[in-house]
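K.L.:
Now for the letters of each chain:
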Amino acid sequence: MRHDDPQLIEALAAEYVLGTLRGRARARFERWRAASQPIDAAIRAWEGRLVHMALATPSVRPPTSAWATIERRVRALEGRSRSGSHWRAIAAAVAFGILAGAGFFAWRVERESALQTYATIAQTSGAPLWRIEVSPDYRHLRAVTLGPYARGADRSLELWALPDGKAPVSLGLLPAQGGIERTLSAMQQSALRVASHVAVSLEPAGGSPTGAPTGPVLFVANRTVQT
Amino acid sequence: MGSDTGTGMPSDSADPVADAELERLIAACAQRDSAALRGLYTLTSPKLFGCMVRILKRRALAEEALQDVFVGIWQRAAQYDASRGRPWAWLISIARYRAIDVLRNERVELYREAEIEELPELAMPPESSGAGSRRTAEALARCLGLLSAEQRRGIELAFINGRSHAQIAQTIGEPLGTVKSWIRRGLKSLRDCMEP
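These protein sequence lines are chains A and B, in that order.
Per our numbering: the first sequence ends with 251, consecutive numbering throughout.
Per our numbering: the second sequence ends with 187, consecutive numbering throughout.
Take the hints with a grain of salt, since some may be wrong.
Stated by the list, open to error - Part of the chain A face toward chain B, derived, beta carbon under 7 angstroms:
| id | residue |
| --- | --- |
| 1 | Leu32 |
| 2 | Ala38 |
| 3 | Leu74 |
| 4 | Val75 |
| 5 | Pro87 |
| 6 | Thr88 |
| 7 | Ala92 |
| 8 | Ile94 |
| 9 | Arg96 |
| 10 | Arg97 |
| 11 | Ser220 |
| 12 | His221 |
| 13 | Ala223 |
Derived by calculation from the structure, the hints in this document are not laboratory data.
Cβ atoms here follow ideal geometry from the backbone N, Cα and C, with glycine treated the same way.
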């Protein structure tokens, strides 16, 4: 396919911005964009034309937990990219006249409390599929994909904490690739504190509609950290 | 206008926050000012989350995707170039493209539109924005109004609800090829109409 044809660029840019260019064609067009100023310009023009349709859709206030996770992830990024960042934090604390004690100490503790492996979910053959990590205060969870697992086209995999003698508590969906990180609710935190196992169930796309596992339990993994 | 899917475009609510303020915050994010990211989040997350919930249907999925969006904004703020696009177009695009990617990875199936209507809505106070932006909003509303009802519905289902060609064909009850060509011609008409 020629990608220096202005009419083709225009048509693909429109469908890319509209969202109907999907799958491999979408990924390919994104690669072309990175190398082509005309494609980039055509996409931006369409974004400018259609943006008001998005702005006219109703706003929805996100849950308060969303910002806590963003802040934590951004802080982790900054911590990785600059070793001197805590000196900047000291300077900022002094500059703002904050008594260094409480605020800075809390910040240091959070930064240094790395996530710890809570459980590793594996195939019966032993091949690992996901690593579940939890912060020592149980407020944050990360699920990291370690190996491929084929799920049905219209199915999701949902992770559950299994507190002894109590109903399973959902910990959200497992990613198909890469990692996801989320901030846990008080209920999820207390379930994880006392759980001895986690489980994975096969659910309709988007997760269990009832709040309890509805599909077959595919995996159960022992907790590896006892704190 | 807008009585069918609630996607009509009253131009007075088109730009909830002035461009200049958003540009200032994005520039400050590029300078690693985390307070600016917080400010940007406060001003824009309800609008971005609204768009993403509309596409992803499930709030839990949309919340995770929203987190990715703001981490992405933090990482890419230095690449924002005001001369090549308005800040809302940049922000909305990052959010919509992320939602579309999640849609693909998670294979989210469609839920009834009724579920969307149950979500609480937050009205944004209309605020004055750039005259150019207002003009584009009005042009889009006028030009969408000139499309056939089918073309307009197809374009709205794709852009606002994140529907694929096949899903739109199913919703409208027309053959896939017909729907594809409606949308293609609709987009071309929109462009011709909106160009000065």
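K.L.:
Decide, hint by hint, whether the structure agrees.
P.N.:
These are the hints, each one checked on the structure:
1. Leu32: Violated: closest Cβ of chain B sits about 12 angstroms from A/Leu32, beyond 7 angstroms.
2. Ala38: holds, 4 angstroms
3. Leu74: holds, 6 angstroms
4. Val75: With a closest approach of 4 angstroms, the A/Val75 hint holds.
5. Pro87: holds, 6 angstroms
6. Thr88: Constraint on A/Thr88 not satisfied, violated at 10 angstroms.
7. Ala92: violated, 10 angstroms
8. Ile94: The hint holds - A/Ile94 has a Cβ within 7 angstroms of chain B, the shortest such distance being about 5 angstroms.
9. Arg96: This interface hint is violated because 9 angstroms lies over the 7 angstroms limit.
10. Arg97: holds, 5 angstroms
11. Ser220: With Cβ-Cβ at 25 angstroms, over 7 angstroms, it is violated.
12. His221: The hint is violated - A/His221 has no Cβ within 7 angstroms of chain B, the shortest such distance being about 22 angstroms.
13. Ala223: violated, 18 angstroms
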